[in-house]
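Chains as they are written, first to last, in my numbering: chain H, 40 to 336; chain A, 40 to 336.
One or more hints might be untrue.
Copies of the same chain are indistinguishable here, so a pair counts whether it falls within one copy or spans any two.
As the list claims (entries may be wrong) - In silico DSS-like pairs for lysine-lysine, Cα to Cα no more than 25 angstroms straight-line: (1) 80 - 126; (2) 114 - 160; (3) 321 - 166; (4) 166 - 218; (5) 65 - 80; (6) 302 - 158; (7) 114 - 182; (8) 65 - 166; (9) 114 - 166; (10) 182 - 70; (11) 293 - 333; (12) 135 - 333; (13) 101 - 114; (14) 182 - 160; (15) 160 - 80; (16) 94 - 323; (17) 166 - 333; (18) 158 - 218; (19) 101 - 158.
No lab work stands behind these hints, which were simulated from the structure alone.
Number of protein chains: 2
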Amino acid sequence: MQIFLDCIPCFIRQALDAARLSTDDKQIHEKVVRDVIILAKDLDMSQSPPVMGQKIHRLIRKLAGTEDPYIDVKKQFNNAALQLYSKMRTYIIESKDMLETAIRLAIAGNIIDFGVNSKLKESELEKTISECLAAEFPDMQLKPFQQAINEAEEILYIADNAGEIIFDRLLIEQLPIEKVTVVVKGSPVINDATMEDAVLAGLPQIVNVIDNGSDGPGTILETCSEAFVNRFEEADLVIAKGQGNYETLSDVDKNIFFVLKAKCPVIARDLECEVGEMIFRKSKTFRNAVDLMKEAE
Amino acid sequence: MQIFLDCIPCFIRQALDAARLSTDDKQIHEKVVRDVIILAKDLDMSQSPPVMGQKIHRLIRKLAGTEDPYIDVKKQFNNAALQLYSKMRTYIIESKDMLETAIRLAIAGNIIDFGVNSKLKESELEKTISECLAAEFPDMQLKPFQQAINEAEEILYIADNAGEIIFDRLLIEQLPIEKVTVVVKGSPVINDATMEDAVLAGLPQIVNVIDNGSDGPGTILETCSEAFVNRFEEADLVIAKGQGNYETLSDVDKNIFFVLKAKCPVIARDLECEVGEMIFRKSKTFRNAVDLMKEAE
């Protein structure tokens, strides 16, 4: 997905939010805003929005002199999610369709997105869980998803944020875990999950976990490690979590299921849905096994 | 009130909204955003936000090649307000305190602010009227206001927006009209009221109406006509309507009552109130007749 004009004020607002979270120094806040304006002046609108996000958050970390401004927020929401884990697991076990319930919960976890909302309160988690369990879900494509899982040999689950990764664990537990590799960021950016968060979620005990070698929000393939890009190319199914992964991978020719809560009006417009809606959608170029066999002939 | 960092993304968002309202040409939308970014790059933060607003809206009118992009919106809300006029007048006549009810209604009319919300629907007017009639109003200073009106010899009522000016008429009718001069903008900016709107509200039949000679939102004294500035200096009481007038006059040494709905978080912070609250507040340097007599001695 490309950058839209509406993204530009949002970049500056996000940068200011992040600068305030990183330091109380008002001079640095102003310097961040002024430097982001300079970045915006020569913006290439054909890039995906996270390319700008990567530049902004590099700038903030440098100016604020901190490697990980979101470290406390990540800890807080990891803990909050861990406390909800057993309860959510019970919801899944007691539900009619365990896979569907796990997908709904994974999407609920996507509310923990400090790029979109830096004022999120822990108390909003349970409310979002209830909403996501009860909401209409026109986008739910359970059968094609089950078929894709069965057909795949290598599944990449590209995680999004800390805290949210505990919710992801619930969905991962419903997948054929021997096929699954979970991907986290190479180094901190916003509240995106890194290896530390995956370990805290207990993921390495049940699946393979790798990092993408990048500090970009979403999956900016050009800035990821060669090792990750190879794994991405080899995988026959990708589950891409959250807005950043949708923004960066929506135009990539690959079998991807995008799993997210559409929280921003620009992304909602791109997805032709309402803000707040749950999204569980195949990539435009998604091909099932039959298509792929035909192409191989 | 000075420009805060939070105003900068808001300027760009407002500019994009206004550009879209002015033309369907997407190249002009992008040109507007890029030019506003250039303006923001060298922004003097000690100015009041409407100084930037004036520059932005001059730019949009020039690039879109239209003198008054908001002409349709102004007509629409003038008509909508006119249709509500008799009903609102009845509310006032039947109320316990006619002046207080008229103030509440004048504040309700301040919702018609296309700088803040370019997506306002006519249907929101009646809802806002009901809310403003019923809401707690801790800021209401009826007695000091009545005293100031009685003491004053020349009252300037600085109007804000088209549509809203019909609501203002209801408050003006409760004032000693022989002392009142209503002020409108010299030429179009956003949906601010000009002489045409004052005429449509029937104001010249009941009070003196002048324009301020400026195309700035609010009252940017430096860009107003000499004739207006003289009237402003001579007046012993100013009633300043809406956010723009608060932003531009809050630091001016003058007897002013600010009458508005706080719709933006930055202004709400400056006023130490919640977003959405009704504001009816004396300027910091407000002096009553006794103070003024002491000063003259």
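Taking the numbered hints from earlier one at a time, note which ones the structure violates and give those numbers from smallest to largest. 1, 3, 4, 7, 8, 10, 12, 14, 15, 16, 17, 18
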